[in-house]
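*Asks:* Please build the complex by placing chain B on the supplied structure of chain A, with the hints as guidance.
Chains A and B are the protein sequences, given in the same order.
With our numbering applied, the first sequence covers -2 to 379.
With our numbering applied, the second sequence covers -2 to 379.
Hints listed in this document are in silico derivations from the structure and should not be mistaken for laboratory results.
Just so you know, not all the hints are guaranteed correct.
As the list claims (entries may be wrong) - Residues on chain A that point at chain B, a partial pick, calculated with CB under 8 Å:
{"hint": "1", "residue": "N83"}
{"hint": "2", "residue": "H120"}
{"hint": "3", "residue": "D197"}
{"hint": "4", "residue": "P201"}
{"hint": "5", "residue": "S244"}
{"hint": "6", "residue": "G251"}
{"hint": "7", "residue": "T257"}
Just so it is clear, CB atoms sit at the ideal spot from N, CA and C, and this is done for glycine as well.
Listed below, chain by chain, are the residues.
Number of protein chains: 2
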Amino acid sequence: MDINHTLPQVDLPPDMIHLGLGQPSNSLLPIKELDKAAAHCLSKENRFFLAYGEERGNANFRQTLADFLTGQYPNPVDPGQLLITNGNSQALDFICTLFTSPGDTVLVEEPSYFLALRIFADHKLNLVSIPVDDNGIITDVLKKKLETLKPSFLYIIPTYHNPASVTLSYNRRQELVKICAQKDLLVVADEVYHLLNYSDDPPPSMGNWIDKCPLISLGSFSKILAPGLRLGWMHAGVDLVKKMAKSGLLESGGGFNPFTSEIVNSVICLGFLKANIQHLKNVYRQRIKIFCDQLRIHLPNQAVFEVPGGGYFIWVRLPNNIDTNSFRQEAQKQNVDFHPGAVFSHKKGLKNYMRLSFAFYDGDELAEGACRLGKVISENLS
Amino acid sequence: MDINHTLPQVDLPPDMIHLGLGQPSNSLLPIKELDKAAAHCLSKENRFFLAYGEERGNANFRQTLADFLTGQYPNPVDPGQLLITNGNSQALDFICTLFTSPGDTVLVEEPSYFLALRIFADHKLNLVSIPVDDNGIITDVLKKKLETLKPSFLYIIPTYHNPASVTLSYNRRQELVKICAQKDLLVVADEVYHLLNYSDDPPPSMGNWIDKCPLISLGSFSKILAPGLRLGWMHAGVDLVKKMAKSGLLESGGGFNPFTSEIVNSVICLGFLKANIQHLKNVYRQRIKIFCDQLRIHLPNQAVFEVPGGGYFIWVRLPNNIDTNSFRQEAQKQNVDFHPGAVFSHKKGLKNYMRLSFAFYDGDELAEGACRLGKVISENLS
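Okay, chain A solo, but in the shape it has when bound (with noise of 0.2 Å):
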């Protein structure tokens, strides 16, 4: 069995079952409307979308995602409160640039999205983290921090967390707004998985308080379209739209990626984006049935699941004196992997979990994970 398919990224074994990828299955890359997409918008006349564009994002594909993020948010969003990125990494790239200076401090959940860790470090960034319960990040101990601290900005990932698959409650989020406006703090949140729901509608973006307190809401295509395309959005205050627009990258190159952005209006205004969220929607739906099932069945019952209420994620929970790492080689040679949780962690906290993901795999590929890493874990527990 040849499990795994072209990957440019992540080298994998032939027979290697990946459960830490957080990636789409390639069959869930719409090609065919992209291909759709990109004759309807370059058999026009204008072309426009081929010169430096707007600093804020190309006028008409700024409107046309306004008007759909309108239709899936509780409050209408205007394009002036938009600016086009490539994508999530980018965007916390660029506000580290216009917002951060080495050595200063930087606000995380704990845990929080390994890679974003990273883009954190290459800025030479101090972190400082809150940690996460079942309701998100945790807003008295945010409020006690603050008494003392004075950081840069606050990143959270509110909705389907990454990797602790946790949403913020309504009233957390509230709470939080209310903090971050006394205090005047910058709030980051990393919403690539919002429109990602399986169950019922999760609260509001944090979108829905830029006028309360400074905030900027990232939205991407990446878990919504397609990855490759390194395209996405911040979604904040006119005024701070603005002065983002003024640096001197979008001066100098034009606003980020105005080809991909004519094509993808393209795939909105034909109706593409929302079949393909919807058909998304169904799939990882049964997904998560399937390998919930499966780990139900296979993990012992010290490992402690929610099942996911939208997004990519599966965090589990074994006893405290368990180092998922400490096993993860003998899992590899099973033909199976994970990520440890210890990588979610600026501290190198949060041994005792590990982050699966039901994305990249179909249901019998879960299945056969899910056996796998069951064999490994109990092994290992007992």
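*Replies:* Only chain B this time, still in chain A's reference frame:
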């Protein structure tokens, strides 16, 4: 007469001829070729370029680009020496993040590309300049400066300089490499105009010397295909490329722009890039002839310039006591505009210069622009 074509990044009055603009006419943006290239690559079954890409850039695209550059350069280029970027502005920003801290010194040329200076300012770098003469940066001055300074890197525009239009001579290239090797100083060479020569070939790209001193040569599709693609490359030693590919930004987001890379891969494979460069050279050669003839007719004798051998720019020098910015508003009232020299100087010198370009307007418009400009300059010299 409505001269101006839609320009997303610049807001131009309808009859204005802005001779400062450094971007191609809309009619020179090859939308038909991009349409065919998109159809070519999006009709395939393989869709790896829609996933997170390899950190250095799509492997097949780097091979195609290496082959293309090998055909243009005197020495072969290896795909392992290439890292795909979102264009030179983003590449410069990325280099600043990886190799500098606020307060570090960076050496630039006097004059230098004004928007690069803005990017360096965003990174809070301290700029020190080395003058440029008809043979490019004056290496004796560089050598002297390096006796006391320890800069993070040296930024140069060696071929068809922006704005000075001069080209670093072969001997100076060798001398510069020798100096920087001795001092272990990173050279960042912005070679965006290297492939746009209108008469003899320029000296080899600085990429020719990547084994001799720490050096990154920046190339871009902005001037040879379309700026809106936001696609370029770094050409550097294999180890330096590997080091940069290990950044948090690339580990998180995957390679820059894999989707657009695949479309441009098809552009190259279908032979469109070579044909497009030849077409651009023919068009620009004709425009230069018309524009320089008309400038000679309409500009007073005290306005001195050289006919450019490549690139985009004509660098006009007026007598020392003239500040070109002092009559810019008057010029704008006469529906003609230019970039005053001082913006290309980090210390606001070069006031008696102006940058003109022939890239955005056709021959008739350039002739009319030369006539309007001549009037304004003549009035301000008398």
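*Asks:* A separate judgement is required for each hint: does it hold in the structure or not?
*Replies:* A quick look at each hint next to the structure:
Hint status for N83 of chain A: holds, given a least beta-carbon distance of 6 Å to chain B, under 8 Å. For H120 of chain A, the interface hint holds, since its Cβ comes within 8 Å of a Cβ in chain B; the closest pair sits about 7 Å apart. About 29 Å separates the beta-carbon of D197 of chain A from the nearest beta-carbon of chain B, more than 8 Å, and the hint is not met. At a threshold of 8 Å, the smallest CB-CB gap from P201 of chain A to chain B is about 26 Å, leaving the interface hint violated.
With a least beta-carbon distance of about 6 Å to chain B, the hint placing S244 of chain A at the interface is held under the 8 Å criterion. For G251 of chain A, the suggested interface contact is upheld, since its CB lies about 5 Å from the closest CB of chain B, less than 8 Å. Annotation: T257 of chain A was flagged as interfacial toward chain B, and the flag holds, the nearest CB pair being 6 Å apart, inside 8 Å.
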